[in-house]
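Chain residues, written in single-letter form:
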Amino acid sequence: MIDPYLRILLYIIIVLAVIITLLLLVIVINRYLVSVNKAKFTAKKQEWEGLYLNYLQGDLNLIEIAGLMKDKKRYYWLWRFFSPYLDMLDGSDFDKTKVLCREISLIGHYKQKLEHGKLSEKATAARVLGALRCKESVTGMISLLDSKHQLLVQSASLGLAKSGKSETFFSAARALLDNTYFTYEGATEILSAYGESVAPLMVRFLEGEIEILNGETKDESLEKKKKPFELKTVDPSAYNSVMIDLLGFFKYREALPTLQGLMKEADPETIVHILKAFLSIGEMPANIDLKPYLEHRYWVVRNFSARAWRLTGDRKAIPILEKLLQDQSWWVRFNSAEALSEAGESGLEILRIKAEGPEESAAAISSYVLRRRGVEL
Amino acid sequence: MTEKQIILVAEDDPGLNRLISFKLQKEGYQVISALDGKEALNAALNENVSAITLDIMMPFLDGIQVLKKVRPVKPDLPVIVLTVKSRENDLHQALELGANAYMTKPFQPEQLIEKLKQVLGSI
Amino acid sequence: MSNWAIVLIFYNIFVIFYFISINGFYLMLVFLSYFGLRSQRSVERATDRYQAFQSAFYKPLAVIIPAYNEEATIVDTAYSTLSLRYPEYEIIIVNDGSRDDTLAVLEKEFNLKKYARDYSNDIPCETIRGIYSSKDYPNLVIVDKENGGKSDALNAGINVSQFPLFCNIDSDSLIDADSLLKTIDLFARDWRTVAAGGTIRAANQCRIEDGTVTEVKLSPKFWVRFQIVEYLRAFLFGRAGWSSIGGLMILSGAFSIYRRKAVVQAGGYSLNTVGEDMELVLRVQRVMKEINREYKVVFLADPVCWTQVPESYRSLKNQRRRWQRGLSESLFGNFEMFLNPQYGTTGMISFPFFLFYEFLGPVIEITGYLVFIFSIFTGLLNPPFVILFLTAAILLGILLSTSALLMEEIYYRSYPRLRDMLILFGYAILENLFYRQLHAWWRFRGLLDFFFTKRSWGTVERKSFSEKKQAVDQES
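For the record, the sequence lines run as chains A, B and C.
Numbering of the first sequence is given in our numbering, commencing with residue 31 and proceeding in unit increments.
Numbering of the second sequence is given in our numbering, commencing with residue 28 and proceeding in unit increments.
Numbering of the third sequence is given in our numbering, commencing with residue 8 and proceeding in unit increments.
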């Protein structure tokens, strides 16, 4: 081969060797810097903790502690320090912490980042302001709901939820379900942070008084008359699922009549959600007849109906429960047997008879459940 | 009471742990801190604690496991369980296993202390 | 002789071209994964992690652990999975007809009793002899069945669990308590996700207590250290890179999570391959495309699964031979994806890459070395060129490994001592001096195994396309 090739190779070799050395240097330096940084952070946190606890106790006043804690270069550290307290505390301690954060310009700093930061900074800012339950940043966060970056929509929704402004609930729900690839349970998770205050709104939605529309979302009180929002989502029942799950999660008893109303026309998935909600709330409307649901063609409905039976104690359904001991699905058989075991002596008697009986699956499940209960066969 | 009562604070977040411990100390209690389930169990069984504030989500052994192992040995030991609202099953389980009271996060430390006093006062 | 000379020269040029292109690709992957990891990092920072861990709304999950003759480690694995932080899950240990005391050991430790649990027949599998549950841990289920191999055991586990998601972990693997939630997060945040996986790290000689890795230590074992460097390369820039462009083709069998429905539609794990994890990922993607459903296969670098890697020359060699065979079987079992625009990035980029560079790679490497040496002896190539070229090649390899080490350093820093990183750097150098060549030879043998062992390539496909479509229509 000719000389130029050799020279190229030589250059390549030198370049490679240099890069490798550089990378190695970066590793070494980074390790050193990280450990130094970590030590500094730990020391700072200790210092701050001492001050903070005294402040909460009242031994240090706001001006004094703010003077000592304020640090323009360490906002992220301050956030990391305060974040567990903000997430886990409530009441006067939370309020005092928030006031302190405002005084040391933490809130101001992140409000700025929310408007003008890079993508990841905006997301972090939304997280921070949400944890601080900042109501003033609401407009900023609402504008993020229309972002094409899922991360921003997600952070903004969570931030809005924590800020407690229930008027933004539907905007956030729409953004999560329509603008992102979020599953409905992922959306439910985030929206649950709104707290019980949105329960009445959800009831009104399920009653059809509010619809969700694609278009401009305005932050106006929904107390005004019907605001039409057009449903544009791929899966309309996703909204219902979310709301029903949340009503169950909040144990909102006042939703029971609405849920009952929905049950009549609902598709099987929705029925399951409603039954789960009843179980969560711990109560079922008295005049719901479980029998058709116990015999529903979809096994999950039968399953949850059997579980929900204990909320009614309807003795007329017992023969159906007995029949379900031979259901195709193990879960249905199990829950029916469990239901019977809670049906008093007559229920137990049925199980005892079935345990000895000729039908295999019924016998197996009956004896299993009786054994679980510690009941003699 | 001339002797200080010893409270075991089992909470895996170190900051929160120290906060609770600090407040309890200001109220006149002595405090033992545990940052994970194993430490918590150890302290609960081997130290002369008067009550436990027990976080459920902890590394190594969660609060439920700790409670399961402590109750047979110390059936009268007051336990206040601390958890997040969405972990309902944990709450039910804990109460069934003999926890005396519970608090859900986010919580107010003063309320925790109130409950503690109640639960200690009733023995 | 002159004709031969021409052939040799061309082959040399071909080998050089191959070499440049494969390393070009790898360098690109390094860049892609750097940015991919960075964005994963910022997502983590901004996501309300605390909230996520407490969720009441996540879909229930089954952790399926196939076990064959694992009496020594099965209890630890069970405890490790029992300590996972997840709202609702069950653990299904499938005893695949073990000849040792696996079942007995479990029975004793967990107070098992027989259980009238039903199971579906969504995927054919060997006879299930019995299903047991634990009195102390109600979410622990043991399935005892006739021996059928790992894939069969997994399929049995899928049949027993009805939960919408399942996680497959090896019986000698340990997952971090939070790893599961971090991975499931992907399924909740994106409905298109059908499969997801995390990073596998070597647990050898790390301190393990109660089924958790409490202290990460760099193993002193020779062969393990090479593998650590390899795994860092494979995961931190291999998978991270492919995942960032949507062309991920492999998820580790040691830790991967799937949507049950998608796997059932694809027909479950294949019994005809030793690389069942990769084969399944490919097939699921193919089936999703066929039924026109948007899908995503995602790699997340943060969640870690700790596993014991082979410590001896022999077991490592056998493992790599098997992997190469598995790779070949997976590729050929799903060959219609090759350069098929219907399969997007996976079909047009990843598949050809794996075919040409990973599948054929060993052949080209081994013959390349031989031809190079031969060419020197016959005077076709002059020594200075060869020496320089080889030096450049070695340096390039070291560069790639060092990049992986750098990413590990920037993002994870699992090894607490700087000394460990420097040792790994030393092994990165050594790796290129003989380990790679050795590895190429093992893989070459794996290829020979593939070509010369009888098997039927077509039986992976169990349902016809129309049957699959029908099944989907019925379900929706």
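Keep in mind that a hint or two might mislead.
[What the hints assert, rightly or not] Some chain B residues close to chain A (C-beta under 8 Å, calculated; not the full set):
(1) Phe49
(2) Phe134
(3) Leu139
(4) Ile140
(5) Lys144
[Said to hold, decoys possible] Here are some chain A residues pointing at chain B (derived, C-beta under 8 Å):
(6) Ile49
(7) Leu81
(8) Leu83
(9) Pro114
(10) Tyr115
(11) Asp120
(12) Ala223
These are calculated hints, taken from the structure and not from any lab test.
No residue lacks a Cβ here, since even glycine has one placed at the ideal position from N, Cα and C.
Outcome of the hint check:
| no. | hint | result |
| --- | --- | --- |
| 1 | Phe49 | holds, 5 Å |
| 2 | Phe134 | holds, 6 Å |
| 3 | Leu139 | violated, 10 Å |
| 4 | Ile140 | violated, 11 Å |
| 5 | Lys144 | violated, 17 Å |
| 6 | Ile49 | violated, 41 Å |
| 7 | Leu81 | violated, 12 Å |
| 8 | Leu83 | holds, 5 Å |
| 9 | Pro114 | holds, 5 Å |
| 10 | Tyr115 | holds, 6 Å |
| 11 | Asp120 | holds, 4 Å |
| 12 | Ala223 | violated, 10 Å |
Taken one by one, the earlier hints fail for this structure at numbers 3, 4, 5, 6, 7, 12, listed in ascending order.
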